[in-house]
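*Asks:* Each chain, letter by letter, is given below.
Number of protein chains: 2
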Amino acid sequence: MTAAIIDGKAFAEELRARVADAVPGFAAAAGRAPGLAVVLVGEDPASSVYVRSKGKATTAAGMLSLEHRLPASATENELLEVVRLLNADPQVDGILVQLPLPAHIDEAAVIAAIDPAKDVDGFHVVNAGKLAVGDRSGMVPCTPLGCLMLLKEQRGDLSGLDAVVIGRSNIVGKPMAQLLLAESCTVTIAHSRTRALSDVVRRADIVVAAVGRPEMVKGSWLREGAVVIDVGINRVAGAEPGKTRLVGDVDFADAMGHVGAITPVPGGVGPMTIAVLLRNTLVAAHLRQGLPVPEGI
Amino acid sequence: MTAAIIDGKAFAEELRARVADAVPGFAAAAGRAPGLAVVLVGEDPASSVYVRSKGKATTAAGMLSLEHRLPASATENELLEVVRLLNADPQVDGILVQLPLPAHIDEAAVIAAIDPAKDVDGFHVVNAGKLAVGDRSGMVPCTPLGCLMLLKEQRGDLSGLDAVVIGRSNIVGKPMAQLLLAESCTVTIAHSRTRALSDVVRRADIVVAAVGRPEMVKGSWLREGAVVIDVGINRVAGAEPGKTRLVGDVDFADAMGHVGAITPVPGGVGPMTIAVLLRNTLVAAHLRQGLPVPEGI
Chain S
1 MTAAIIDGKA FAEELRARVA DAVPGFAAAA GRAPGLAVVL VGEDPASSVY VRSKGKATTA
61 AGMLSLEHRL PASATENELL EVVRLLNADP QVDGILVQLP LPAHIDEAAV IAAIDPAKDV
121 DGFHVVNAGK LAVGDRSGMV PCTPLGCLML LKEQRGDLSG LDAVVIGRSN IVGKPMAQLL
181 LAESCTVTIA HSRTRALSDV VRRADIVVAA VGRPEMVKGS WLREGAVVID VGINRVAGAE
241 PGKTRLVGDV DFADAMGHVG AITPVPGGVG PMTIAVLLRN TLVAAHLRQG LPVPEGI
Chain U
298 MTAAIIDGKA FAEELRARVA DAVPGFAAAA GRAPGLAVVL VGEDPASSVY VRSKGKATTA
358 AGMLSLEHRL PASATENELL EVVRLLNADP QVDGILVQLP LPAHIDEAAV IAAIDPAKDV
418 DGFHVVNAGK LAVGDRSGMV PCTPLGCLML LKEQRGDLSG LDAVVIGRSN IVGKPMAQLL
478 LAESCTVTIA HSRTRALSDV VRRADIVVAA VGRPEMVKGS WLREGAVVID VGINRVAGAE
538 PGKTRLVGDV DFADAMGHVG AITPVPGGVG PMTIAVLLRN TLVAAHLRQG LPVPEGI
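First to last, the protein sequences are chains S and U. Under the working numbering, the first residue of the first sequence is numbered 1, with each subsequent residue one higher. Under the working numbering, the first residue of the second sequence is numbered 298, with each subsequent residue one higher.
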């Protein structure tokens with residue numbers, strides 16, 4: 001049996017196109033484009049690359065992109081003041097503070113300062129709470145929502161399926177479990193303290209791996225025909241000296257002989273995150289303007 | 298093997314005594330007793346009984362008890378006005394709006410209006426969100442927190458244990474799963490759409506049943522030595538005609554031959570709920586006054 005490879009890159013492009021198609025309608029109704037502000041503190045090279053990609057994707061979708069860059073020495077109060085200005089700025093629908101922040105800044109305090117209606121990352125406790133209680137008016141974190149979209153694209157109705165989420169972070173694992181529960185999966189959350197993880201994984205129709213440990217999940221752990229979503233992006237030594245390559249949390253080549261479908265790394269979940277960020281910004285813009293959210297995004 | 302019966306009534310009495318013991322210290326520091334306000338709309342007999350019990354337990358613990366009763370015909374705005382007054386009342390640390398509310402009132406809107414710092418039921422989205430992201434400054438719903446206390450009393454450290462929660466309500470199932478995850482259990486949430494529920498239950502060291510279906514969980518479903526917390530309170534026909542009796546979601550007599558420990562119905566989880574409500578009120582009072590929360594409650 002050969003597994004289907006879930007093409008996250010292609011699906012992300014389709015989602016971005018759907019978002020871009022909906023922008024003119026919003027602009028006509030609201031008299032302005034949707035706006036996304038990204039705040040970067042310091043010069044971390046990886047974060048700089050992410051912020052640049054986000055900015056490009058935002059303008060490519062026809063949205064307004066604002067970038068605020070603060071030096072690594074910026075104080076928490078300086079950052080909070082930027083957040084307050086963006087909260088008050090009517091042309092800004094989404095605010096994303098690029099994480100991680102320098103150690104002297106309290107991330108939780110910064111996230112708490114973002115207007116929940118503009119929290120397109122879905123990290124504010126109000127949005128986490130809405131997700132937990134099933135209130136669909138909240139913003140949902142981009143990566144797990146992207147994973148869910150890929151799962152539904154692949155499997156259709158997920159109701160009654162056994163799902164295992166490996167990892168319990170606030171950014172991926174916990175919201176992923178909430179989303180799968182809302183789809184009426186029987187959901188198990190596994191993590192570093194889980195005993196016999198291979199047995200837990202083996203009974204799952206759906207496996208979402210989000211632990212950040214290269215190729216930890218082996219093919220033999222996976223049930224025949226399972227759908228596997230690999231959130232891990234781990235850099236490891238490559239075949240040639242001095243070269244590196246990216247691998248997921250699942251041993252991809254090993255898994256291919258067992259599963260029904262799997263996301264590759266790279267090209268699986270990764271591209272979905274920015275696409276969902278644009279989607280969340282478009283949704284936030286409609287909600288803020290009191291406009292109905294377009295179907296199918 | 299005979300199972301241990303977890304005496305929730307006795308543990309609840311101990312908790313109430315610990316809360317009562319801490320009240321004079323609070324009163325000395327704050328210049329007032331902790332205060333709990335309970336709001337009842339309409340004349341539902343069961344709700345009236347609950348409200349009366351809560352009031353008695355509150356004063357028995359040395360706290361101030363306020364009761365607001367509105368007619369069943371009260372409008373949502375009238376109820377919201379009561380909530381606003383209680384939010385602003387400095388002697389009120391906890392506000393509990395007795396559910397269910399009459400059909401013409403939007404429960405979610407009423408819960409959203411309660412100051413999260415006074416939301417001793419833990420139902421506000423801010424408190425649900427804090428529980429979801431692991432922020433311990435929030436209020437945790439009384440019934441699942443009471444279940445967790447009984448589990449820890451019985452089993453000590455829960456880390457690495459397999460736990461199954463049957464039921465996914467916002468009031469019990471979902472917060473229970475969050476609490477068990479925070480204790481580093483491997484947590485599975487099962488519900489009406491779960492396939493092969495008996496198999497799911499059979500692999501669990503800890504079973505929390507919160508579905509409201511009389512004696513649904515059979516003894517043969519339970520792993521040898523499991524600890525079972527039965528949240529269900531179901532009234533069924535009794536042995537004599539015209540008589541009724543209370544049973545849980547677990548077939549208690551059947552389970553006794555399999556499990557390591559189990560809560561009875563009545564006398565298990567039930568008495569814990571009011572005790573935790575008093576505990577939450579005491580905690581809210583300390584947090585509102587900027588006083589350190591006493592150890593061991």
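A portion of the hints provided could be inaccurate.
One-sided and incomplete, this derived list gives chain S residues near chain U with beta-carbon spacing under 7 angstroms [unchecked claim]:
1. V125
2. V126
3. G129
4. A132
5. V133
6. R136
7. S137
8. S159
9. G160
10. S169
11. I171
12. S184
13. T186
14. V187
15. R193
Sample of chain U residues facing chain S (criterion: CB under 8 angstroms; computed from the structure) [stated by the list, open to error]:
16. K306
17. A307
18. L363
19. E364
20. L367
21. V422
22. G426
23. K427
24. A429
25. R433
26. N467
27. S481
28. I486
29. A487
30. T491
31. V497
Since the hints were made in silico from the structure, they are not lab data. Glycine included, each C-beta is placed from N, C-alpha and C at the ideal position.
*Asks:* Against this structure, judge whether each hint is valid.
*Replies:* Quick rundown of the hints versus the structure:
1. V125: Interface hint status for S/V125: holds (3 angstroms vs cutoff 7 angstroms).
2. V126: With a closest approach of 6 angstroms, the S/V126 hint holds.
3. G129: holds (3 angstroms)
4. A132: The hint holds - S/A132 has a Cβ within 7 angstroms of chain U, the shortest such distance being about 4 angstroms.
5. V133: Holds, about 5 angstroms.
6. R136: The hint is violated - S/R136 has no Cβ within 7 angstroms of chain U, the shortest such distance being about 12 angstroms.
7. S137: Where the cut-off is 7 angstroms and the nearest Cβ of chain U is about 10 angstroms from S/S137, the hint is violated.
8. S159: The hint holds - S/S159 has a Cβ within 7 angstroms of chain U, the shortest such distance being about 5 angstroms.
9. G160: holds (5 angstroms)
10. S169: violated (10 angstroms)
11. I171: violated (10 angstroms)
12. S184: holds (4 angstroms)
13. T186: The hint holds - S/T186 has a Cβ within 7 angstroms of chain U, the shortest such distance being about 4 angstroms.
14. V187: Holds. Min distance 5 angstroms.
15. R193: holds (4 angstroms)
16. K306: violated (30 angstroms)
17. A307: violated (31 angstroms)
18. L363: With a closest approach of 27 angstroms, the U/L363 hint is violated.
19. E364: Violated: closest Cβ of chain S sits about 27 angstroms from U/E364, beyond 8 angstroms.
20. L367: Hint violated; U/L367 Cβ to chain S Cβ min 25 angstroms, cut 8 angstroms.
21. V422: Holds. Min distance 3 angstroms.
22. G426: holds (3 angstroms)
23. K427: Where the cut-off is 8 angstroms and the nearest Cβ of chain S is about 5 angstroms from U/K427, the hint holds.
24. A429: holds (4 angstroms)
25. R433: It is violated, given that the least Cβ distance between U/R433 and chain S is near 12 angstroms, above 8 angstroms.
26. N467: Check passed: Cβ of U/N467 comes within 5 angstroms of chain S, closer than 8 angstroms.
27. S481: Where the cut-off is 8 angstroms and the nearest Cβ of chain S is about 4 angstroms from U/S481, the hint holds.
28. I486: With a closest approach of 5 angstroms, the U/I486 hint holds.
29. A487: Check passed: Cβ of U/A487 comes within 5 angstroms of chain S, closer than 8 angstroms.
30. T491: With Cβ-Cβ at 4 angstroms, under 8 angstroms, it holds.
31. V497: Holds, about 6 angstroms.
Checked against the numbered hints given earlier, the structure breaks hints 6, 7, 10, 11, 16, 17, 18, 19, 20, 25 and satisfies all the rest.
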